[in-house]
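A.B. asks: Throw the hints in and build the complete structure from the sequences for me.
In order, the protein sequence lines correspond to chains H and R.
First residue of the first sequence: 14, per my numbering; consecutive thereafter.
First residue of the second sequence: 2, per my numbering; consecutive thereafter.
Simulated from the structure, these hints should not be mistaken for laboratory data.
Any given hint could turn out to be false.
Claimed, not checked - Within a straight-line C-alpha distance of at most 16 Å, the following computed EDC-like cross-link-like pairs (lysine to aspartate or glutamate) qualify: (1) R:28 / R:78; (2) R:531 / H:102; (3) R:562 / R:539; (4) R:579 / H:102; (5) R:509 / R:479; (6) H:109 / R:576; (7) R:309 / R:181; (8) H:84 / H:121; (9) R:72 / R:20.
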Amino acid sequence: MHTHRRYNFKNQHFAGQEGRLIPLLQQAQTEDGYLRRERLEEIHKLSGIPLAHIYGVATFYAQFRLKPVGKFLLRACHGTACHVSGAVELSQAVEKHLGVPNGETTADRMFSIETVSCLGCCSLAPAMMINGATFGNLSPSAAVKVVKKYQKGERS
Amino acid sequence: MTRVTVGLSTCGIAAGAEETFTALETKLASLPDAPELQRTGCVGMCYQEPLVEISNGDGVRYLYGHISPDKVGRLIDEHLGQGAPITDWLVWTSGGKGSDHAYLSRQHRIVLRNCGNIDPESIDEYIRTGGYLALQKVIEAKDPDGLVNVMIESGLRGRGGAGFLTGMKWRFTRMAPGTEKFIICNADEGDPGAFMDRSVLESDPHSVVEGMIIAGYAIGADHGYIYVRAEYPKAIERLTIAIAQAQERGFLGDGILGSTHSFHVKLKEGAGAFVCGEETALMMSIEGKRGMPRVRPPFPATRGLWEKPTSINNVETFANVPWIVINGAKAFNSLGTANSKGTKVFAMAGKIRHGGLVEVPMGISIREIVFDICGGIRDDRKFKAVQMGGPSGGCIPAELQDTVIDYESINKTGAIMGSGGLVVMDETICMVDVARFFLEFTQRESCGKCTFCRIGTKRMLEVLTRITEGGGRDGDIELLEDLAARVKNSSLCGLGQTAPNPVLTTLKYFRSEYEAHLTNKKCPAHHCQKLLTYTITDDCSGCMLCLKACAVGAITGERKKVHVIDQAKCTVCGECYKVCNLGAIAKD
Ligand SMILES: Cc1cc2nc3c(=O)[nH]c(=O)nc-3n(C[C@H](O)[C@H](O)[C@H](O)COP(=O)(O)O)c2cc1C
Ligand code: FES
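C.D. replies: Written out as structure tokens, the structure is:
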């Protein structure tokens, strides 16, 4: 998630190329974990795209976050297949275990939890994703077990 | 030569296929003449993952299911060492054996022709199975109009949902004035519960890329975009590899295969908005704007991306193209019904026994898919309904299971073919809750441009929520019907126009369930938590587990005596029901 590879905006020719805005925001988020105000201002200055427009785009898409996230981002699928296979119970168990509600980050900044609409693993419902890894066929307790593995440092 | 392959798509990996692959690597390395170990995509038997295939030198293929790392040793020792396949683990063989043989043998695979058979990261394997021959044929024929006619004659209709004739779309874009034109591949796959496109992109990305290059030749476009959702990292990774390989071999780039035609493909990652699957919103998103749909006409064929003529097609649509070019329009249109030709891929999920991907000829019935191919309902429960078409679709009840798969027959039920997500429901699922679930989704995903879509869906969600929580009022059903009609009629794009469908179809087929929630304050499926009453039966052994689990102290009783729940204190959280080992807690 944190590549620490700084994006060199100056090398980008984006005069009149608004099509670059979303990829730029995606890159900024990959590097910083979220969209920092300073980053957005930097993009505005270098591209000439109005800041209001940049915020308009950043708040339209579910992918973009204006708040920092924890080291591990847990995304529990609440798509149709997962919904009918116990996704609600899964999320409740994870929230209870981590002690934070959906959309929040734990105090130690280890975990953020979110729900998503579908991970494309519907035949293994209910599913969840932690950073890039997908887990399927989860019971609420199996999901908590996976979270514990990350907490103990057995997975990263 | 003996070959061992492991299905390494997202579904396989989620089930632990990478660990199986590593175990196989170690095990095979210890053999004297180690057979080839390869990665493949997904054959579609997701319920059997991790899947390992062994093909013997004699050409017979053996597919094994649920091969966790601990089974690898025995599998290799017995199958390869002693030459004795393990019958109990076999799910399919090319010789007609295996426990789940029907799952694959009843299918007709055009789109999925290579899925699970080739290494998706190797262009050589794609070429070995006839890949890029279609492109060669098209370039040699030098007849884009003839190509468009073949597509029209094949009867291929867009697989992204609306079912528009692909060849006609190409013709309109080809005829549109302008020298700069675009091809877009819609890989946004936003329907929650659908994963056909992900699987094709992960298992056979070159077929989609080849389809796009051919489309570019047909309409005279030099540039193409693939818009793929960010939730599909593996698909993005494999597409990136495929595009680079195709460039290297001269299938993509300037002067393709020695012709004067050029074609370049760019990958665009979506940013998590369902409405961006809608074609005009998708183009807005590529242009870097908020993904809000605009009025059509003008259609993309005349004014699309950057105001230029654009043909936008779905992943599955493109994957059909090379096959049609090679095998001809007749081979394709001899499959299916009068107005729906060829095959359709369905993503089977929910309460189905064998969930995964199936590709069937149009005209087959829902019953055949659910029971004959996918083995019926899990845990032998009762089949209640299938949900087709996602948030734009509807629930088709079990009584209509003989409905055949074609665009018009499905529409008649009130559902839509959609992109191919098929979520199977059993008797434990509450249809009012399903309708509420979809409205929660569309309400959240509405871009906000049209008032009725933005606010009407919200009001519908509020009504549905109060019904499922026991607060339903007289006239709520009529209110839902009234709102549904208004949202349908006054929305600009397909999202709003179809958002009420899940409510309308459940009202049409499961009205009594709504009435039970409203008048008796009961959920017939025993799903809606707030409408349940928990009681303890005489089977209680007095183990005190439930008493300890109850957070509000509503349960009383002595050890070894039947416990009781004080209904006045009970918050119907269901914890006691979950902890009871004897099934002594009844819910009604
Ligand atoms: C709200 C909404 C979401 C859509 N999502 C998708 C999608 O995820 N994938 C897709 O291929 N088409 C989707 N479509 C349909 C597209 O607008 C368009 O019809 C399709 O990409 C055309 O390709 P086809 O002719 O090959 O089907 C969606 C339409 C609407 C109204
Ligand atoms: S519905 Fe959860 S992965 Fe698709």
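A.B. asks: Each hint needs a verdict: does it hold in this structure or not?
C.D. replies: For each hint, the structure was consulted:
no.: 1; hint: R:28 / R:78; in the structure: holds, 9 Å
no.: 2; hint: R:531 / H:102; in the structure: holds, 15 Å
no.: 3; hint: R:562 / R:539; in the structure: holds, 9 Å
no.: 4; hint: R:579 / H:102; in the structure: holds, 11 Å
no.: 5; hint: R:509 / R:479; in the structure: holds, 12 Å
no.: 6; hint: H:109 / R:576; in the structure: holds, 13 Å
no.: 7; hint: R:309 / R:181; in the structure: holds, 7 Å
no.: 8; hint: H:84 / H:121; in the structure: holds, 9 Å
no.: 9; hint: R:72 / R:20; in the structure: holds, 11 Å
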